[in-house]
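Construct the entire structure; sequences and hints are all you get.
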Amino acid sequence: MNVNNDPLWVKVAKQVRTWARLNSIWAIHFNSGSCNGCDIEILATLTPRYDVERFGIKLEGSPRHADVLIVTGPVTRQARERLRRTYEQMPEPKFVISVGSCSISGGVFDGCYGVGGAVDEVVPVDVFIPGCPPRPEAIVDGIIQLLTHLKEGNLPPSQMKKIAEKVPA
Amino acid sequence: MNTKQNLEKAEWLLANWNKETTYPEADRLDVLVTAEDLRSAVTTLHDAKWGYLSAITGLDLGVESGQLEALYHFCNGPAITTLKVHLPRVGDASLPTIEDIIPSATFFEREMSETVGFQITGAKSMDRLFISDDWPEGVYPLRADFKIEQAAPVEGRYVDEIPEEGVVRGNTFVVPIGPQHPALKEPGHFEFTVDGEVVTAARMRLGYAHRGIEKAAESRNWIQNLYLFERVCGICSHVHTMAYAAGVEKLAQVEVPMRAQAIRQIVAGLERIHSHLLWLGVAAHEAGFDTLFMYSWRDRETVMNLLEQITGNRVNYSANVLGGVKCDIGLEQAKVIKEGLDFLEVRIRHYLEVVTTDAMFLNRTRGVGTITRVEAERFGLLGPTARASGLVRDVRVEAPYGAYTRFPISAVTATNGDLEARCEVRLNELLVSCFAIRTLIDNLPEGPLTVKMPRKIPAGETISRVEAPRGELFYYIKSGGGENPLRIHVRTPSLCNWVSVLEKAVGRQLADVPMLIAGMDPCFSCNDRVVTVKHSNDQKTWSWKQLREYGIEYYKR
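Protein chains in written order, with this note's numbering: chain L, 66 to 234; chain F, 6 to 562.
One or more of the hints may lead you astray.
[As the list claims (entries may be wrong)] Listed next, the stretches of chain L that the computed footprint assigns to chain F, with coverage defined by at least 3 CB atoms under 8 Å from CB atoms of chain F:
no.	region
1	70-82
2	96-107
3	111-120
4	130-137
5	207-221
[Unchecked claim] Now the in silico label distances, taken between C-beta atoms and shown as ranges:
no.	chain 1	residue 1	chain 2	residue 2	range
6	L	79	F	347	52 to 62 Å
7	F	202	L	73	52 to 62 Å
8	F	39	L	130	57 to 67 Å
Hint data in this document are derived by calculation from the structure and do not stem from the laboratory. In this text, a Cβ means the ideal position worked out from N, Cα and C, and glycines have one as well.
Shown next, in the form of structure tokens:
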């Protein structure tokens with residue numbers, strides 16, 4: 066990214082946009098076949114004890130208004146296409162957080178006939194939060210890590226990985 | 006009538022069609038019938054009001070025996086009568102449907118036909134309910150010789166669009182809801198056909214969370230399965246392991262120490278509190294009462310703390326091991342639990358007052374989705390949904406197990422059968438649970454926490470039933486004498502309660518649908534995909550959130 070050659074107003078506009086984006090993250094939650102364990106923990110992070118709304122994070126129902134896709138569970142064969150479609154409906158820039166061991170590797174359900182694989186086989190994932198289920202503190206930490214990473218003006222982790230793969234060794 | 010007389014009565018009722026009678030356990034009767042006689046036998050039991058159909062298990066008896074087996078389990082208190090039907094593995098394995106006699110059987114039959122490969126004749130709908138759309142025809146995952154290579158995805162079978170038929174007819178259109186969700190739980194997909202504001206037909210598709218746990222259980226050993234079944238559901242994880250462990254212990258003829266059983270019951274009681282408070286929040290959210298949602302979830306954290314104190318985990322507690330429990334409750338913990346319960350009792354009383362007096366909330370619940378006692382019995386409802394209609398369906402009372410034999414509990418019922426009654430029943434149940442936990446802690450029996458379990462479980466089959474927060478949880482466990490089970494069948498309470506939503510939504514306002522779904526506390530929930538409403542020739546897009554807001558707006562008038 067060649068930020069330095071941009072005129073001043075472009076730089077300022079970008080900074081303002083990043084500032085606004087990072088302070089009002091809207092997330093959509095997609096359950097791709099999870100056992101509910103992670104889902105109730107995600108909900109617990111929204112409620113008064115953990116309260117992620119203090120970071121401007123809000124659960125949003127429609128993928129068209131969301132910045133972050135939070136996926137839980139192994140991707141079942143029936144939900145696979147739905148997950149991809151939900152992701153495609155989201156506007157750029159978009160980030161994916163995969164919550165729970167199953168969403169990372171299939172976890173305890175690895176090898177079951179209904180399970181089609183991990184989340185990052187279907188959509189590019191930026192943050193992995195392991196645990197069965199991860200504690201709300203871990204989920205909050207995962208989100209904050211994403212925000213800190215983006216604050217420094219970096220690309221989302223999934224895109225950095227893509228670029229790294231394209232560069233010849 | 007005691008259990009033995011009950012079983013004798015069932016045997017007498019079924020005498021006409023009985024090909025072979027066995028008593029596998031003291032409280033169980035197995036009756037072999039032919040496929041032709043099945044309907045008559047089911048009708049007889051049903052008409053004589055001998056219990057209710059609890060589950061239908063489909064089994065593959067193996068390639069050598071060449072037979073499939075269908076088991077129709079009827080429960081009447083502790084007594085269980087099982088109708089067995091044997092059919093050939095290859096060729097015609099058709100069974101007559103019984104969904105016109107017992108409506109909830111439709112889900113059991115469809116599950117069995119999709120996973121084991123029975124052909125159900127005469128059923129109204131045989132659309133796929135559990136297995137994914139890209140699954141090839143004629144491949145059944147629970148067959149003994151199933152290989153994952155057979156199930157390569159089939160292209161072009163992706164069909165969860167709006168159904169072709171009945172979409173636009175005059176003023177009728179179809180509102181699909183689901184399968185993805187803004188707030189909670191598991192995905193399901195619903196299609197409500199509406200005429201103006203009134204729902205005229207309801208249909209659903211499950212299977213977005215179908216992972217294939219029952220098949221996986223067959224290839225894992227008895228101990229690994231404990232952790233697998235804990236993850237059937239993250240909300241009622243403890244009762245799943247409790248039912249599984251109780252069944253395996255019964256097969257191994259191991260007596261679990263009383264202290265372990267009491268601790269299992271304490272954790273189950275705390276889990277019920279967490280589950281019902283969670284439900285209260287969700288139901289309030291669907292009604293547009295977000296303040297109650299936030300408050301009940303704040304108080305739920307108190308229970309989560311207690312569970313963490315005892316077991317070390319917040320969600321999947323892993324409190325049970327085969328033969329006992331992993332964690333003890335000492336004096337210090339007992340004190341903390343009691344303090345927590347003191348706080349919770351005050352809050353629960355407050356919520357009880359809120360749901361019975363708040364005018365706005367009552368608008369959404371009083372007189373909505375009323376199910377009479379007779380209907381509840383006909384639909385085969387379970388748990389709080391049935392008890393709100395005055396039907397006592399509570400395994401803890403009907404067939405006490407574990408510590409409930411020594412510390413009996415009273416069933417909470419209501420008579421109205423509407424959503425308000427369901428709120429009341431659930432909250433009153435929490436007060437009973439609080440009382441029961443206190444009693445158990447004060448009288449915690451002394452003794453060891455575990456006994457030794459064999460690695461190999463003796464051959465046999467058993468049924469294990471426990472009361473989950475949502476109703477009766479049913480496990481059928483079959484062992485061949487090895488380190489792995491031959492077959493484990495799980496029937497969760499939500500599957501029986503779906504009928505209440507599908508039947509009761511018809512004739513109601515569309516605005517009531519979110520509350521009706523929340524009212525049964527579904528364990529697969531639906532929601533928020535962007536959905537299309539076809540209105541004559543216009544196309545309009547609605548999401549679940551809009552539907553929910555529409556419901557809230559509608560009742561503001």
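Status of the hints after comparison with the structure:
Closer than 8 Å: that is the beta-carbon criterion, and the region 70-82 of chain L has 0 residues meeting it against chain F, so the requirement of 3 is violated. With 11 residues having a beta carbon nearer than 8 Å to a beta carbon of chain F, the region 96-107 of chain L meets the requirement of three or more and the stated coverage holds. Requiring three or more residues with a Cβ within less than 8 Å of a Cβ of chain F, the coverage given for the region 111-120 of chain L holds, as 3 such residues are present. With a cut-off of 8 Å between beta carbons, the region 130-137 of chain L has 0 residues touching chain F; three or more are needed, and the interface restraint is violated.
Counting residues of the region 207-221 of chain L whose CB lies closer than 8 Å to any CB of chain F gives 0, so the stated coverage by that chain is violated, three being the minimum. For residue 79 of chain L paired with residue 347 of chain F, a C-beta distance near 55 Å keeps the hint of 52 to 62 Å intact. The hinted window of 52 to 62 Å between residue 202 of chain F and residue 73 of chain L holds, with their beta carbons roughly 57 Å apart. The hint said 57 to 67 Å for the Cβ distance between residue 39 of chain F and residue 130 of chain L, and at roughly 59 Å that hint holds.
Hints 1, 4, 5 from the list above are not met by this structure, while the remaining hints are.
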